[in-house]
Amino acid sequence: MFSWTVVSLVLLTSIANLVGGFIVVRKEWSPKALTYLMAFSAGFLLSIGILDLMPEGLENSPENGIYILIGFLVLFSFQRILTTHFHFGYETHEDKLSKKTGGLGAFIGMTIHSFFDGVSIVAGFEVSSELGFLVFVAVLLHKIPDGLTISSIVLVVFNDRKKAFIASAVLALATIFGGALVWLLSDTEFAAEVLGDSFARIALSFSAGVFLYVAATDLLPVVNQSENRKTGLYVLLGVAVFYIASWIIGVVGLE
614 MFSWTVVSLV LLTSIANLVG GFIVVRKEWS PKALTYLMAF SAGFLLSIGI
664 LDLMPEGLEN SPENGIYILI GFLVLFSFQR ILTTHFHFGY ETHEDKLSKK
714 TGGLGAFIGM TIHSFFDGVS IVAGFEVSSE LGFLVFVAVL LHKIPDGLTI
764 SSIVLVVFND RKKAFIASAV LALATIFGGA LVWLLSDTEF AAEVLGDSFA
814 RIALSFSAGV FLYVAATDLL PVVNQSENRK TGLYVLLGVA VFYIASWIIG
864 VVGLE
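Take the sequence shown: its position 4, counting from 1, is numbered 617 in this note's numbering, and each next residue is one higher.
By construction, these hints were calculated from the structure, which means they are not laboratory data. Some clues are possibly wrong.
[Claimed, not checked] Straight-line distance between alpha carbons at most 25 Å, and here's what the computed SDA-like set of lysine to any residue pairs gives:
hint, residue 1, residue 2
1, LYS843, VAL750
2, LYS775, ILE721
3, LYS843, VAL854
4, LYS776, PHE691
5, LYS645, GLU840
6, LYS776, PHE790
7, LYS645, ASN841
8, LYS843, THR830
9, LYS645, PHE635
10, LYS645, LYS843
11, LYS843, SER643
12, LYS645, THR844
13, LYS843, LEU825
14, LYS843, ALA858
15, LYS843, LEU753
16, LYS776, ALA853
17, LYS843, ALA853
18, LYS776, PRO644
19, LYS775, PHE720
I would like the entire structure built from these sequences, with the hints used as guidance.
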């Protein structure tokens, strides 16, 4: 169902991508603060992926578990098999990104990732306002690191700040396109007749795999590599905030 509120939230997450790109161009965010943000995001993403997206996706349809695996493997394929190795944030290995093909691979992988961010938000709202809002928060939290990462990679490869910012803009557009595609498909006769009410839950299962991959392989490794002991506490804080947010949303009646 079309909703201007959901449209606004998808656009807001896209703007966060641009903020990440702007940070790279202007260099106004400390690496320490970014690490804390990624640690917090990891805790929140793990919580919503395991405690909300997976149960909702599998409700009355345990066979949807295959889509969780597919979602995980799609991100794995693009970000690990077809791309060079990279980290979220400022830590970009210049020697491994010296070839433009490597930078292009990373760009493609993160664009696919951003596309499914949009899918996740809209699919969440298709099931319930509560779930949709929680997914929105989870996506928003890691959007700035996403934009910062791809802009850092493009800046290293091309040494062009304009292209670096444009790369973050492409991620923003991919998020919007992902959300729009779910709306279009959910309104088609194919979705209604063939997939029925399970369409949104299939999308949620797929998104759960994507969220688990991002948290486990992109965000948590950054936490583990940090020498600051406080970083791990931010992961737990992300989990705690997830529970608090879930409780507040339930109290105010957004379910």
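These are the hints, each one checked on the structure:
no.	hint	result
1	LYS843 / VAL750	holds, 22 Å
2	LYS775 / ILE721	holds, 18 Å
3	LYS843 / VAL854	holds, 17 Å
4	LYS776 / PHE691	holds, 21 Å
5	LYS645 / GLU840	holds, 11 Å
6	LYS776 / PHE790	holds, 21 Å
7	LYS645 / ASN841	holds, 9 Å
8	LYS843 / THR830	holds, 20 Å
9	LYS645 / PHE635	holds, 18 Å
10	LYS645 / LYS843	holds, 11 Å
11	LYS843 / SER643	holds, 16 Å
12	LYS645 / THR844	holds, 9 Å
13	LYS843 / LEU825	holds, 23 Å
14	LYS843 / ALA858	holds, 22 Å
15	LYS843 / LEU753	holds, 22 Å
16	LYS776 / ALA853	violated, 38 Å
17	LYS843 / ALA853	holds, 15 Å
18	LYS776 / PRO644	holds, 22 Å
19	LYS775 / PHE720	holds, 15 Å
The structure does not agree with numbered hint 16 stated previously, though it agrees with all others.
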